[in-house]
Every structure is written in structure tokens, then in C-alpha cells.
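Asker: The lines below spell out each chain.
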Amino acid sequence: MIPTLFASRLRARHLLAWLLPALLLGALAVFLYTEAPLAQVRALQGELPELFTVLGFYGDSSLPLFLLSYLYGLILPLLSTLLAIHLAARLITRPLLDGRMAMLLSASHSRGAVLLSLWWVMALYHLLLALAALTGQVLMALLLFPEANLLALLRLSGGFLAVSLVCPALTLLLACASPDERALRRRGGLLLYGMLALGLVARLPGWTRWLRFASFWSLFEGTRLIFNGASWQLPLLALALTLVLILFALLSFRGREV
Amino acid sequence: MIRLEGLTLAYEEGGIHDLSLRVEAGEALGVLGPAGAGKSLLLRVLAGHLPADQGSASIKGLDSWSQRQQVFREAVYLPSTPALEDMTGEAYLRFMAVYQGRFNPEKARRLTEKMDITLTGQCPRMSPENRRKLSLLAALSQDASVFLLDEPFLGLSALARGALMDTLRELRGHGAAILLTSHVLEEVRSACTQVAIIRKGRLVVSQPVEALSLTRQKVYHITFATADEAAAFAREWENAVELIGTRALVAIPASPQALLRTLARYQVHDLVGGREEAEEGFLRYHGDDVL
Chain A
1 MIPTLFASRL
11 RARHLLAWLL
21 PALLLGALAV
31 FLYTEAPLAQ
41 VRALQGELPE
51 LFTVLGFYGD
61 SSLPLFLLSY
71 LYGLILPLLS
81 TLLAIHLAAR
91 LITRPLLDGR
101 MAMLLSASHS
111 RGAVLLSLWW
121 VMALYHLLLA
131 LAALTGQVLM
141 ALLLFPEANL
151 LALLRLSGGF
161 LAVSLVCPAL
171 TLLLACASPD
181 ERALRRRGGL
191 LLYGMLALGL
201 VARLPGWTRW
211 LRFASFWSLF
221 EGTRLIFNGA
231 SWQLPLLALA
241 LTLVLILFAL
251 LSFRGREV
Chain B
1 MIRLEGLTLA
11 YEEGGIHDLS
21 LRVEAGEALG
31 VLGPAGAGKS
41 LLLRVLAGHL
51 PADQGSASIK
61 GLDSWSQRQQ
71 VFREAVYLPS
81 TPALEDMTGE
91 AYLRFMAVYQ
101 GRFNPEKARR
111 LTEKMDITLT
121 GQCPRMSPEN
131 RRKLSLLAAL
141 SQDASVFLLD
151 EPFLGLSALA
161 RGALMDTLRE
171 LRGHGAAILL
181 TSHVLEEVRS
191 ACTQVAIIRK
201 GRLVVSQPVE
211 ALSLTRQKVY
221 HITFATADEA
231 AAFAREWENA
241 VELIGTRALV
251 AIPASPQALL
261 RTLARYQVHD
271 LVGGREEAEE
281 GFLRYHGDDV
291 L
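From first to last, the protein sequence lines stand for chains A and B. Using my numbering, you'd call the opening residue of the first sequence number 1 and step up by one each time. Using my numbering, you'd call the opening residue of the second sequence number 1 and step up by one each time.
Bound-form chain A, shown alone:
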């Protein structure tokens, strides 16, 4: 990694624009578990049960389960997807097109070191996104539900982070292989939103359950993480998948015209 390059790509204002919504959404999700909003949510669920199933409703017997349904079911994966596509375009595709990448590569640093530095920026943004959402949850939980199982929330967040890292790894590879930003957004959108949609549809009863194998989001099994502190096999598998995607990205970038 090249520390100068890594540091130059971090933008405080830009980071805040992503972290603040994650923090607020985390806090809001916990607030929804208080009596009055929860009653409204239950009423709505009674009217639209299929919608709640698709959105990943696992019940509301405990705060972690409720958060798994309302935060980790769609909102945070969607934020991760948006962030991954945005970062790949900002850090790789645009500099490739406007000549900034040519300048970065016109130095005695290897292409691998340059790409890995940019990858660590993407990974750090995702780590901070997960941490911001967790901070929002923990702060609100400490305020409203001091007896809540905070360790379960921590495990949920850790598992989600491990799986969500597949998003930037995938967009890193796509950015190296795409001719321009439009192609990256098209391919990235098709693949990542497609996988998210498959993950949602797979929650419906019936044959669609098999679709979960087509989406890496199925590696995030929140209920296991909540109830079993030692169930880290799937998140580790996601990290291995991330590693493989990064290796492919490095290979693609080695032969890429600049």
C-alpha cells in the first residue's frame, strides 16, 4: 500500500455524507422498536405480510431480530451497494479516463500497489459505514433499551461488514474491466442490484428460496449471528470471496491500457 495515495483519497466531507445517514438510520431503526412506532409497524405488517417477508422480516421478539429485519434486510445492503459503485467510479474509472491514473502510474510504484491502496480506501469507507450504523444503534439502544443485547448487535454488524466487503471488491474488478463510468454503473448496477433483488425474492416461500444461492448476500445469516456467537463460517467465506475478486481485479489491472 502507498500511504500518501491512501491518505489523499480520504475526504472528510465526503465521508460524512455517507456516515451521517448510516448513523441516523441505525438510531431510527432502534427508535422504531419503542411501543408506539412498533404498534404502527405491526399494523402495517398485518396489511402487507408479503412485503414484510420480502424485506426480510424475522420477527420482533428482540431488538437484534427487529434490527435484522428493518436495517440489515434492505437498507444497509442498499447503502453498501450504492457506496461501492460510487467509490469505484470516483477512485478508479474517472481517474482512468481523465489521465489522473496515468499520472499515478507514471511513478516507480507497481500497478498492484496503486490498486491495493485504492482498495483499502474502499474497504475503510465500508468499515466506517458499518461502524456508523452500529454507533447509531448502540447509542439509541443505551438510551431507550439499556438491557438490550449489545453483543448481538456487534456480531450482526461484524457479519454484515464481512459480507458487504464483497460489494467494493466486485466493483473494483468491474472498474478495472470497464471502459468508462457508464459501463461500470451499468454492469455494477445490473450485478449488485440484481443480487440484492435475488436475495429479497429468495425470502418468499416456495421455489424462489433456491435463488438465495445466486446472491452473496445469503452469506449474511443474521439469525445465526444473533443466537450463536461462534457461527462465523459464512462471513469468513465472504471474506475469501472478497480476496478472490481482488486478485482478479489485480490481474485485470496489470494488463489494462491507461
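One or more of the hints may lead you astray.
Computed from the model, here is a short list of chain B residues facing chain A with C-beta under 8 Å [claimed, not checked]: (1) Leu50; (2) Tyr77; (3) Ala83; (4) Glu85; (5) Val98; (6) Tyr99.
Residues from chain A that keep clear of chain B, each with C-beta distances beyond 12 Å, as calculated [as the list claims (entries may be wrong)]: (7) Phe31; (8) Gly46; (9) Arg187; (10) Leu236.
Treat the hints as calculated values from the structure; they're not laboratory data. Note that CB positions come from ideal geometry on N, CA and C, so glycine has one too.
Dock chain B against chain A, hints included.
Answerer: Just chain B now, kept in the frame of chain A:
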């Protein structure tokens, strides 16, 4: 220092075909050619950003593609479009200094004064000329022995152009090898020791800059009585004739004796002649490509 041997690369509609060039230490080669001639492509191959289909491109004996990381311990590349980061000019210079690791602050200070560069303000909001000057400053302030500069004079004021020419002469004096591209002959004549003209990716001519004046020709504008007369003359005088109605344009390198003998057999209304300017000679190499 810089060597191209039979370099061939197919690229989009153009490309480079069998190009061979050399630049030794203390020399500056100016590659001239119109837009789309393959000048930038040539530099991108030398900078290790594109692999060649055939032939080789090397810097100090290091292959530009397979040993590009080592190449950039010796060489500096400046693309034709300033590629600056989203930061202030000062921050950009600090970033490049640490990132490149061979930045010479004393050189940077002198160049900043000479070129009158404003370093305050965000790079994306700078004037196009200041952006160009800043990217030149970042490139030329490095301690390197090979400089690959794509259109370095483009968009510069007369003052900055003069300062750049001085700097290039200074670098040459310290033994650096420079390869730059341009589409303006006068810039190359002032800044370089060698000139290479390329057309549609092929080398048309490569010679010392001084030789440019020796290859200048004399151009005669002849007006005939009729278009038929002009056409008949064009058939007889095969070399370098451009025909427009009753007028013919002839360029000859030596004495007009033979031309005058031939013209004696035709009805000539007017004959105007003069020494070809260097710029006209450059245009002659490119034919209608320049237009």
C-alpha cells in the same frame, strides 16, 4: 537513452507503424505531426501505459511495458491534458513530491518564479493555463534523466513558453534526454536538437533541427493563359505540382533553370516565386492532413 525499434501498434482507427527513433543524453527530439498522427500514442507506449503489438520501446535499456516500474525511476511522463487532483496547487505539489519521491524543491521554486504560477486555490477551479503550468511544474521539478512531454507548450502564454524553453535547454545541458510532441514547428525548432515528423503513424522524416532550413524549397506560383495549358504543364512537370484552374504551384529544391526552359513552351501570364518558409515545408510533409 530513449529507443524505439520498429514500433507497431494498431489503435482504434490509427496507430503507429514501424517507427524507429533514438534520443541520446543531452538531446531533445521534437515529434511533429497533426492531430491523430500518433504522437500521444507513441508517448503512452514509451511511458508503459500501452503495450506495443510489434517492435520495442525502451528507456535506458529497460522495456517500457514489461519493466515500466523501473522505467519510472528514470523517466517523467507528462500527458497532454493536465491531470490534477482535487486539491489546492500547494497540496498537489506536496502530494506529488511525496508520491514520486524524487522531487527537487529548489527546481520547483525556480520554475514557480519563472513561469509565474499561482499555487493557491483548488486545482479544478484554476484557469486552463495555470492548470497546465502546474502540471508542467510537477513534472519538470523531478530529478530524472528522461522526460516524455506530450504537447508541453499547448495553452501557454509567450512568457511561460519562453520559460519552458529555457528549462528544457537547462535539462539538456545537464544530460537529460527529452522527447516532446508538438504540432507547431517553431516550438520544436527553438526547444529541440532533433525533429521527427510523423504522418498517420509513420515516420516521414527524422533529422537535426538545423537540417530543416536546408531542405527548404523554392515555391513558384505560375498563372497560364488557359486551364488546358496549365494541365498540359502539370502532365509534363510531374514533380510537386498543385493545379487550381489556370494556376499551378511548383516547389523545386535547386535552380529554376529547368523550370524556365519548360515554361518557355507555354503561354505564361504571371510567375511569382520565393523561398519556402519552414512552416510551409512542414505542411508539405503533411499534405492535406493539417487542414
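Asker: Compare the structure with each hint and give your call.
Answerer: Here is what the structure says about each hint:
{"no.": "1", "hint": "Leu50", "verdict": "holds, 5 Å"}
{"no.": "2", "hint": "Tyr77", "verdict": "holds, 4 Å"}
{"no.": "3", "hint": "Ala83", "verdict": "holds, 3 Å"}
{"no.": "4", "hint": "Glu85", "verdict": "holds, 7 Å"}
{"no.": "5", "hint": "Val98", "verdict": "holds, 5 Å"}
{"no.": "6", "hint": "Tyr99", "verdict": "holds, 5 Å"}
{"no.": "7", "hint": "Phe31", "verdict": "holds, 37 Å"}
{"no.": "8", "hint": "Gly46", "verdict": "holds, 51 Å"}
{"no.": "9", "hint": "Arg187", "verdict": "holds, 22 Å"}
{"no.": "10", "hint": "Leu236", "verdict": "holds, 34 Å"}
Checked against the numbered hints above, the structure violates none of them.
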